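*Asks:* Chains as they are written, first to last, in our numbering: chain Z, 1 to 237; chain H, 238 to 637.
Simulated from the structure, these hints should not be mistaken for laboratory data. Source: prediction; values computed, not measured. Each hint should be verified, as a subset may be incorrect.
[Said to hold, decoys possible] Simulated pairs of lysine to aspartate or glutamate, DMTMM-like, Cα-Cα distance not exceeding 25 Å: (1) H:K501 to Z:D74; (2) H:K501 to Z:E117; (3) H:K513 to Z:D74.
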Amino acid sequence: MSLLILSDVHAGYGKMEVLHGIDLYADEGEIVTLIGANGAGKTTTLNAICGLVRITEGTVTFRGREITNWPTKDIVRLGMTQVPEGRKLFSELTVRENLEMGAYLRKDREGVRRDMEYVFELFPRLRERAGQLAGSLSGGEQQMCAIARALMARPQLLLLDEPSLGLAPLLVEQIFEILQRLNADGTTLLLVEQNARMALEIADRAYVMETGRIIMQGPAKELIHDPRVRSAYLGEP
Amino acid sequence: MDLSLLVNQIINALTLGGIYALIAVGYTMVYGIIKLINFAHGEIYMMGAFFGILLIGAGMPFFLALPTSMLLCAALGVLVDTVAYRPLRRAPRLAALITAIGVSLFLQNLAMLLWSASERPFPNLYPAYRIRPAGADAQRYGEELLSRYAQELDRRREGPPRIKAIRRENGTLLVEFRLGTNSFEAIRTLRQSRRAVLAALEAAHPGVQIETQEESLDHFFNRPAFVLDLGDVRPVEVRWKVPFIWATTILLMLLLETLVQRTKMGKAMRACALDKDTAALMGIDVNRIIALTFAIGSAMAAAAGIMFGLYRGSGIGYRMGFQPGVIAFAAAVLGGIGNVRGAMLGGVVLGVVQVISTAYITDWLGISSSYSFAFAFGILILVILLRPTGLLGRPSAERA
Ligand SMILES: Nc1ncnc2c1ncn2[C@@H]1O[C@H](COP(=O)(O)OP(=O)(O)OP(=O)(O)O)[C@@H](O)[C@H]1O
Ligand SMILES: [Mg+2]
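This is chain Z alone, in the form it adopts within the complex (with noise of 0.2 Å):
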């Protein structure tokens, strides 16, 4: 059975309706992708299966339990967690305290250091700013912090809502190492991302959506050569 399973989904905010029906699902050791246009509902999709934003109709099921509209912290404890958009860094604590409330549910003590010395390894510019307030990084910093932050949580599912937004290529083929690293250890990732090309060539499996909708899926290495996806989100001819 797939870890990860949106069974006709709808959820919005209000009652303005957002998602028409998702079925999406991720297996164990997948990395999925969610590509579409800005204000298809990625962000929104991500924010349902975490129970951030309420489903009015459809099921979410993880790790065999179905999962719906559970509270978020609920949620969390049984193994899945958010890198959010817009990362979301608690700006008035320092990137210490960030990482370690990332690992707020742990109780091995000794893991979480041992945690806190691979993601600095990881990311060796939070180490030099481990003491600075989360709010006074750059840009790029903070995406750093927000990664590491989610990693401190060892979670067995992690969504990414578009990690490389503003960053530097480099950083941008750094981050996507790292993610490929993690999901060697173990960890299934689904990956929501602006990126599409990056993102379909580290994935197994994608998802298109527009709208509210999915309108395509398939393995990854198909639809990186669909016209339609070239066209619309490689921008290619």
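Knowing the structure of chain Z, use the given hints to seat chain H with the ligands on it.
*Replies:* Structure of chain H with the ligands alone, referenced to chain Z:
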């Protein structure tokens, strides 16, 4: 200017300021986390004072009554949050604000129903008396008088009021009543015993010339801790309760500061104050953290209520929370709402402004001393005009 008066007023101001600061941290923490001006916070302070005097009245030692009342108020704060505010978490802010005013009125009326509308004194923490023989025959019959007195009191040991201990101490008799005994009851018992004793002595030794003197003893808190010698002017006597209140206030503030800055819970609190959705993504139980914030703020307010009672010795009534509540709220704004250190600073500043303006300025201007509140709020308005984020508030523009 009278120097001793000035020193006394400064001591008074700092004590009052500390009490305001203890209340203000509750306002600021709750505002920081759910953006609610908890108008019922002053009533938690009032309930804390009541719990304190009722527990002491029931015979609980002060040093146990203080933390117990803090715990009870913590529970009350959580209850108020759960019942009144939690259902409105996603409602417009005005709804919660009006609810807070409602809770405030509810608690005031509840206190009035439970404990009557009249003000109560702070209980005598050491209801004890020293009895001395006096009169021409005091030398000869003093011993006999005291033993008869002791026997007589022993018969009344079970009260009411209950007597805790009767001791002979170099030529006097020391009688301790149970904690919570009020002086009227104690003195009545002593008077009745004395009458019986003197009558018995008169019967045994007709024409004996003997009397007794009953002296009320002070609790350690009311005894002088030190005397400030100011040279030519009247020295200032500081009672133990003043350093006690200061030390406790500082200790509670340090505890709070450590909790908020260093512990995982405190970090989670600050995280929730900044962004609840993201805090939930960390697995933080946001509602629980909010409840904890209410618990901590309420416990601090309870401590403030008891300190106030201890300091003033009176004035515990259902309306006592209103004025300090408003001033502590002003203190929180003055310090920069949401900022715990700011609330501490704001409380002390407003305490000083209020006391000094009562003592000097209103008099000098020839206006009523009730205008001291106007001075406190005047300072608030001035600071907010010059520094809208308050004394220690960060500029609200966050770097993205
Ligand atoms: N908090 C909100 N309240 C009301 N409507 C919202 C809210 N957030 C998003 N929407 C609407 O929902 C739709 C989908 O938004 P969403 O953020 O999910 O898009 P997206 O695919 O993540 O876009 P982008 O690529 O720009 O991040 C948009 O039309 C947006 O206006
Ligand atoms: Mg988005």
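*Asks:* If a hint holds in the structure, say so; if it doesn't, say that too.
*Replies:* Now for the hints, and whether the structure bears them out:
no.: 1; hint: H:K501 to Z:D74; verdict: 19 Å, holds
no.: 2; hint: H:K501 to Z:E117; verdict: 19 Å, holds
no.: 3; hint: H:K513 to Z:D74; verdict: 15 Å, holds
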